[in-house]
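*Asks:* Here is what each chain is made of, one letter per residue.
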Amino acid sequence: MTTEKRSSSSSQSDAPGADLKSERDEFLKKFSRGSQLTEEFIKDHERLQARLQDLETENAGLRAKVGADQAVRELLLKIDTLESEKSELVSRYRQAEAATSEFTARVQEVESEFANLANLFVASNQLHSSLSARGVTRRIKEVLAQLVGAERYAVYLVNPEGEELVPIASEGVPGNNLLPIRINGSRIGEVHKSGVARVAESDPSLGTLEDPPAVIPLSVDDRVVGTIAIFSTLAQKNKFDTVDFELFKLLGQHAAQALVAASLFAQAERKLPGLEAFLDLSV
Amino acid sequence: MAEYSCLIVEDSPMMRQLLVFALARVRNLRVTEADDGVDGLRKLASARYDIIVTDINMPIMDGLKLVKRVRSDPVHKDTPIVIITTEGSQEDRQRALQLGANAYITKPIQAPQVIATVKELLKIE
Chain R
7 MTTEKRSSSS
17 SQSDAPGADL
27 KSERDEFLKK
37 FSRGSQLTEE
47 FIKDHERLQA
57 RLQDLETENA
67 GLRAKVGADQ
77 AVRELLLKID
87 TLESEKSELV
97 SRYRQAEAAT
107 SEFTARVQEV
117 ESEFANLANL
127 FVASNQLHSS
137 LSARGVTRRI
147 KEVLAQLVGA
157 ERYAVYLVNP
167 EGEELVPIAS
177 EGVPGNNLLP
187 IRINGSRIGE
197 VHKSGVARVA
207 ESDPSLGTLE
217 DPPAVIPLSV
227 DDRVVGTIAI
237 FSTLAQKNKF
247 DTVDFELFKL
257 LGQHAAQALV
267 AASLFAQAER
277 KLPGLEAFLD
287 LSV
Chain V
2 MAEYSCLIVE
12 DSPMMRQLLV
22 FALARVRNLR
32 VTEADDGVDG
42 LRKLASARYD
52 IIVTDINMPI
62 MDGLKLVKRV
72 RSDPVHKDTP
82 IVIITTEGSQ
92 EDRQRALQLG
102 ANAYITKPIQ
112 APQVIATVKE
122 LLKIE
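In order, the protein sequences belong to chains R and V.
Residues 7 to 289 (this note's numbering) make up the first sequence, in order.
Residues 2 to 126 (this note's numbering) make up the second sequence, in order.
Hints may contain errors.
[Claimed, not checked] Okay, derived cross-link-like pairs now, DSSO-like style, lysine-lysine, Cα gap no bigger than 30 Å in a straight line:
1) K245(R) - K120(V)
2) K120(V) - K78(V)
3) K124(V) - K147(R)
4) K147(R) - K71(R)
5) K66(V) - K124(V)
6) K147(R) - K245(R)
Source of the hints: derived by calculation from the structure; they are not laboratory data.
Since the structure is predicted, the reported quantities are computational estimates derived from the model, not experimental observations.
Looking at chain R on its own, in the form it has when it is part of the complex (with noise of 0.2 Å):
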């Protein structure tokens, strides 16, 4: 009773009145709502620090990605040059390659070439360089036998009534197989006829005195005037090549008349024309 006193005199007296206390309640309501809301903020606030630092970290991880990235790009870019330079390289190894071989090719080629001609070049030489029938005689011999490599072999030459082939030369023919061939019905005297060389492609090594490797007219002037035959060659020796063809040609064009000059000299006693046999050259 005495508090409900006290309290209702001090009702009257201290307590706000109605609105006041409804002021402050609503006062203290939204004090609290700002104070609810300020920590809401302060938390939001240390959330979204802390997601910031993560994104950070995230940024700076992703950078350095990045940048290990661009120079992963780098070296593949560089390692594209660098193959792209190295098929370049290889093709140019490869063109200076081809080119080499195509120039070691040619080199033998003109080597050989060269072979060919100093044999026609010594073989000329040496028909030449006698004017005695006995040593154009053995020259011919001797390029048959070292240029060629002729094991038998026998040189005619036609006879004045022009039928028949006699041997003046040979090598390694049996005595009695050495006689006159007739210019008709043989094989030696048909070349003889047509005037063309007669080269079997068979191997010469292997030919026989009936049926040889290989038949040479010899002309002067167009007329042909014996023919060369070579029954074998060395064992060593199975083919014809080309040089063989050039030397046969060369033989079948100057062998006849390196004969015939010989001969001519001979019959004129050795002595050298004079001087008037030139000048009425009309050249």
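Position chain V against the provided structure of chain R, taking the given hints into account.
*Replies:* Below, chain V alone, put in the same frame as chain R:
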């Protein structure tokens, strides 16, 4: 660049001429010619040669005898010798090689083969 000297021993003037032509293609090779084995020995006694190219079949002294003599000569006992032979048989080659020849070439000779053999024995590029 080193200069080499070669002695050709061959009785046939035609073959000598051909060998001289062929060996003229070898750079820095000086070539001397001899008519037969005796002439060859005479030339070997008066000068030093780096290589000898000799025929087998020659009058007076053949190539095999020459090889024998060269191998007993203190100056040329190690000089490379190339034998040129008409014979293609294995026996002849063996005989020449047993006597001390370093290489052989069978006739008819091919200049590129002569050049290659000489270059190989002289170790020239």
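*Asks:* The structure should be examined with respect to each hint, and the outcome stated for every one.
*Replies:* Hints, one by one, checked against the model:
Of the supplied pair hints, the one linking K245(R) and K120(V) holds, its CA atoms being roughly 27 Å apart against a limit of 30 Å. With a CA separation close to 19 Å, the supplied pair K120(V) and K78(V) stays within the 30 Å bound. About 36 Å separates the Cα atoms of K124(V) and K147(R), which puts this hinted pair outside 30 Å; it is violated. Pair hint K147(R) plus K71(R) does not hold up; C-alpha atoms about 91 Å apart against a cutoff of 30 Å.
Using a Cα cut-off of 30 Å, the hinted pair K66(V) and K124(V) holds, with the two alpha carbons roughly 26 Å apart. Straight-line distance between C-alpha atoms of K147(R) and K245(R) comes to about 19 Å, which keeps the hinted pair within the 30 Å bound.
Violation of the numbered hints given earlier is confined to hints 3, 4; the remaining hints are satisfied by the structure.
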